[in-house]
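Work out the full structure, taking the sequences as your base and the hints as a guide.
Number of protein chains: 2
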Amino acid sequence: MGRWEPNARGRLEQSALELYLERGFEQTTVAEIAKRAGLTERTFFRHFADKREVLFSSSLQELMVTTLAGVPEAAAPIDAVAAAIEAAGARLQDRRDIALRRQAVIAANAGLQERELIKLASIAAAMAEALRERGVGDPAANLTAEAGIAVFKTAFECWINGIGQPELPQLIREFLDELETLTAGGNPSPSARRDDAATAARSG
Amino acid sequence: MGRWEPNARGRLEQSALELYLERGFEQTTVAEIAKRAGLTERTFFRHFADKREVLFSSSLQELMVTTLAGVPEAAAPIDAVAAAIEAAGARLQDRRDIALRRQAVIAANAGLQERELIKLASIAAAMAEALRERGVGDPAANLTAEAGIAVFKTAFECWINGIGQPELPQLIREFLDELETLTAGGNPSPSARRDDAATAARSG
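Going down the list, the protein sequences come from chains A and B. Under the numbering used here, think of the first position of the first sequence as 14, with each following residue one higher. Under the numbering used here, think of the first position of the second sequence as 14, with each following residue one higher.
Just so you know, these hints were derived from the structure itself, not from any lab. Among the hints, a few may not be true.
Pairs count within a copy or across copies, as identical chains cannot be separated in the list.
[Unchecked claim] Subject to a maximum C-alpha distance of 20 Å in a straight line, what follows is the list of computed SDA-like cross-link-like pairs (lysine to any residue):
id	residue 1	residue 2
1	K132	A120
2	K132	I119
3	K132	E170
4	K64	R36
In this text the structure is predicted, and so the values were computed from the model without any measurement.
Shown next, in the form of structure tokens:
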């Protein structure tokens, strides 16, 4: 078998998610993932350090930090963070099927849920650092980054419960506006009350 | 030795924190904690399920949920959350020495840092639930609770780095205002730039 396999990473990811959903994350071995993808274990380990890394790659964090750093300097801190979380939202929307299956795997395993929280905290810290590099002081850097993660997390949960609709970048933009209203002491706007839609989607 | 020991819980907490700082959390046994407090292991287990629970009791979360539920119904969601996190801040300020030592223990142990993140996520979920019970819909309930935790976390870190000054409830109030400014697209206010003070406190 040659060193180069067409779309090996994508095939491994696909097989891993299928197996995690069928058998559970703990019960799945790397050998089984490789076999289902028609690849070797050696190829798996060229792409992932272990079976958990299939779920927690650092690519989303890199995208967010790069996006934040690329926002024009004159932009307000919240707008730089908004650009970062919208970019992440667009990436997840493009990979909607994978994101939904990944979340189903995580929802079934307490250890993976904890890992997800740690990942979000790590993204918040990386965004705060990127803000400080733009000259934003503390606590504004931490506060804006944490608020961005609060919006991202809430929009993401709503998106997952709505089975991918409305689109995630749109939810993120709405929730950023909603956070502004709420922190100013306002009451939630009717348009942001998605509980009925989400409930319908869950039971549908 | 009698069943009732004066302030047994406080003495056990004190001894546990001392030992965690001296020897490390992993290296400390319940037997050693009880011995230093002049109590029995049995007394320890009447107060705590295990040595980790000394650091992660649920009393702060209970205080926050009770406070939130007791805020007059006409209050805006963010004001109900503000009352909850300010109450938690006042409790920590009253127990400043214990809070600072507890944080030093947690900072030295990756597993405990993860547990702290999980605890904060649990508090956010509990506050969101308490908001829903007040009739606040989703996503406003989640968004306000998560934003409150963002403020609490950032103020708490600043307080720890400033070795307990300025007082935590005051930092929480300032950071709530700062969050409002930042989410409205403003730039950080000069008064909220505590980086110099925090740096001086850390190196002092």
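Hint by hint, here is what the structure shows:
1. K132 to A120: both (15 Å within a copy, 18 Å between copies)
2. K132 to I119: So K132 and I119 pass the 20 Å test inside a copy (13 Å) and across (18 Å) alike.
3. K132 to E170: Intra 15 Å, inter 19 Å, cutoff 20 Å: intra and inter.
4. K64 to R36: Classified as within; 14 Å inside a copy, 34 Å across copies.
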